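Enquirer: Listed below, chain by chain, are the residues.
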Amino acid sequence: MVASATVPQPEIVYRHSLAVRLTHWVNALCLLVLLMSGLQIFNAHPTLYFGSISEPDRAVLSLDAVERSDGSYAGVTTVGGLSFDTTGVLGLSQGPSGRIEARGFPQWITLPSYRDLATGRRWHFFFAWLLVFNGLAYLAYSFLSGHVRRDLSPSRDEIRHIGHSISEHARLRFPKGDEAKRYNVLQKLAYLAVIFGLLPLVFLTGLTMSPAMDAAFPFLLDVFGGRQSARTIHFLCAFALTLFFLVHIVMVILSGAFNNIRSMITGRYAIEPEEPRP
Amino acid sequence: MSGDAKISRRGFLIRGAAAGGAAVLGGCDQLSQSPAFRDLLYKAESLTKNVQRLVLSERSLAREYSEADLSKHFKANGSTGVADPAYQAMAKTGFGDYRLTIDGLVERPTSLSLEELRRLPARTQITRHDCVEGWSAIGKWTGAQMTPLLQSVGLKPEARYLVFHCADKLGTTSNYYESIDLIDAFHPQTILAYDMNGAPLSVPHGAPLRLRVERQLGYKHAKYVQRIEVVSNFMMIQGGRGGFWEDRGYEWYAGI
Chain A
1 MVASATVPQP EIVYRHSLAV RLTHWVNALC LLVLLMSGLQ IFNAHPTLYF GSISEPDRAV
61 LSLDAVERSD GSYAGVTTVG GLSFDTTGVL GLSQGPSGRI EARGFPQWIT LPSYRDLATG
121 RRWHFFFAWL LVFNGLAYLA YSFLSGHVRR DLSPSRDEIR HIGHSISEHA RLRFPKGDEA
181 KRYNVLQKLA YLAVIFGLLP LVFLTGLTMS PAMDAAFPFL LDVFGGRQSA RTIHFLCAFA
241 LTLFFLVHIV MVILSGAFNN IRSMITGRYA IEPEEPRP
Chain B
1 MSGDAKISRR GFLIRGAAAG GAAVLGGCDQ LSQSPAFRDL LYKAESLTKN VQRLVLSERS
61 LAREYSEADL SKHFKANGST GVADPAYQAM AKTGFGDYRL TIDGLVERPT SLSLEELRRL
121 PARTQITRHD CVEGWSAIGK WTGAQMTPLL QSVGLKPEAR YLVFHCADKL GTTSNYYESI
181 DLIDAFHPQT ILAYDMNGAP LSVPHGAPLR LRVERQLGYK HAKYVQRIEV VSNFMMIQGG
241 RGGFWEDRGY EWYAGI
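Heads up: the sequence lines are chains A and B, in that order. Residue 1 is where the first sequence starts when you use the numbering used here, and the numbers rise one by one after that. Residue 1 is where the second sequence starts when you use the numbering used here, and the numbers rise one by one after that.
Please note: incorrect hints may appear among the correct ones.
[Stated by the list, open to error] List time: in silico SDA-like cross-link candidates among lysine to any residue, alpha-carbon distance up to 20 Å:
| id | chain 1 | residue 1 | chain 2 | residue 2 |
| --- | --- | --- | --- | --- |
| 1 | B | K49 | A | A118 |
| 2 | B | K75 | A | S62 |
| 3 | B | K72 | A | A59 |
[Said to hold, decoys possible] Estimated spans, in silico, between C-beta atoms of each pair:
| id | chain 1 | residue 1 | chain 2 | residue 2 | range |
| --- | --- | --- | --- | --- | --- |
| 4 | B | A19 | A | A140 | 35 to 43 Å |
| 5 | A | V252 | B | T147 | 56 to 64 Å |
| 6 | B | S232 | A | A190 | 52 to 60 Å |
| 7 | A | V79 | B | L47 | 32 to 40 Å |
[To be verified] From the structure, some residues in chain A lie toward chain B, with a derived Cβ separation under 7 Å:
| id | residue |
| --- | --- |
| 8 | F50 |
| 9 | S54 |
| 10 | A216 |
| 11 | G225 |
| 12 | Q228 |
| 13 | S229 |
Calculated directly from the structure, the hints in this document are not laboratory data. Owing to the predicted nature of the structure, the values given are computational and were not obtained by experimental measurement. C-beta atoms are modelled at their ideal positions from N, C-alpha and C, and glycine is treated no differently.
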């Protein structure tokens, strides 16, 4: 009780602007719906290829249901010629009706849970538009307000000391004091890679799957190496975005879940004072 | 005691999280089936269509490939045959009795035999067929160009859409049908194909005549075409959405 008087109180800073907070949550909703409806669409033909067309001998990933020698069925995932038994999760799993069915991804991660390509596409394109409008609003705000330059661009100094930052993160030691008021250099690079790398790539490869867009912009086919390559890259982007999301959630929790989530809702973020050195 | 309490608390949390997750997923399924929410999702369709039409010039062509790019195996999807006895009788005689009817809002309703169709101005194109399921195949198509055919029958001023009535039923009681508007009807790559890969169209691929409308997905490329009806709108035809799959929730403009 006496000690509380001597412990320095955390400083509260205003970390995220309203525009960033709003676009963050809209983005999160869109990406979640796009992932789940995208897996519904993928399940209509759960095989990926490189090139223009779907020649079976050029498949790079395939989620199949196959009959075992004893007459039972198994889910098999084939990646680059290697096959794995993934019964229950990939290739073969229990559907919403309770029956075991041949399906690429399981029902708990597709939207809708039951097989319905038409409705999956409706969800996908509606939220793709929302993601585009939200992304454009975010980019307009970020460039005009200086958010990109001020908060996201790493300085030369930060790049030079990136090794130190990596080792600190690996030991789960997160910045305190003044350092915590800014995004860390690894954070900056991760956000820049998503905003200016993965999201534009997932958007363009999505368009390349469209026969109408291919007629309007034939260079898309050349850039991505054909419609089936574009579909594969689109899928890999979704996988990379999911990985980003998982690491993002882990970092949010490890570096102070309540403080982080509060700052993304209200904007207010508590800065832990730096520990006095011994 | 305290150990038991911990386990049950953990069990409670896990069950709670599972139930919460299931509620969210169940909620998404309920939303997927709610007419009001479906109306909201469907609102994106006209935006998608209008933007595609905006960036797509009426003359921009789907990519054409070379003979070397042809698919070794071109999957036949949807109906791969027709149960109708009249069709089967025609198939036995090499479609010698086949006639394509063109009627509706035209000045000169017509019916054409396969031989007459083969004498019309033709076009051969090697194009990529993109299925809504996600796969693609490349085939070589030869067929009557739609533009001179439509000019010869003469469209009435109120004509807006071509409706393709087909012989197949695809597991239901209603016949397959499709529709395109005049922008796609007059596109240079829109043809009524009677040859595929240099041979007469096979039954699985829609013999004797199928539509090729190259800038759209596979389900628009109606097979087993029997009749082209020119209409001002398609609201009174079958489900009213302009096609077999459109009546089952798919987009009428299938550019993506």
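Enquirer: Is the distance from the Cβ of A/V79 to the Cβ of B/L47 consistent with 32 to 40 Å?
Expert: holds, 37 Å
Enquirer: With a cut-off of 7 Å on the beta carbons, see whether A/Q228 makes it to chain B.
Expert: holds, 6 Å
Enquirer: Does the interface hint hold: is A/G225 within less than 7 Å of chain B, judged Cβ to Cβ?
Expert: The hint is violated - A/G225 has no Cβ within 7 Å of chain B, the shortest such distance being about 13 Å.
Enquirer: Can we keep the A/A216 interface hint, with Cβ of chain B closer than 7 Å?
Expert: Hint on A/A216: holds, closest Cβ of chain B at ~5 Å, below 7 Å.
Enquirer: Within a Cα-Cα threshold of 20 Å, do B/K72 and A/A59 meet the stated pairing?
Expert: holds, 14 Å
Enquirer: Do the Cβ positions of A/V252 and B/T147 conform to the proposed distance bound of 56 to 64 Å?
Expert: Cβ of A/V252 to Cβ of B/T147: about 59 Å, so the range 56 to 64 Å holds.
Enquirer: Holds or violated: the hint that A/S229 contacts chain B, with Cβ atoms closer than 7 Å.
Expert: Given a least distance of 11 Å, the restraint on A/S229 is violated.
Enquirer: Does the structure keep B/K49 and A/A118 at a Cα separation of 20 Å or less?
Expert: OK: B/K49 and A/A118 at ~16 Å, within 20 Å.
Enquirer: Could you check if A/F50 really has its C-beta closer than 7 Å to a C-beta on chain B?
Expert: violated, 12 Å
Enquirer: How does the Cβ-Cβ distance of B/A19 and A/A140 compare with 35 to 43 Å: does it lie in that range?
Expert: holds, 41 Å
Enquirer: Does the Cβ distance between B/S232 and A/A190 fall inside 52 to 60 Å?
Expert: holds, 55 Å
Enquirer: Should the interface hint for A/S54 be scored as holding, given a Cβ-Cβ cut-off of 7 Å against chain B?
Expert: holds, 4 Å
Figure legend: structure checked against the earlier numbered hints; hints not met, in rising order: 8, 11 and 13.
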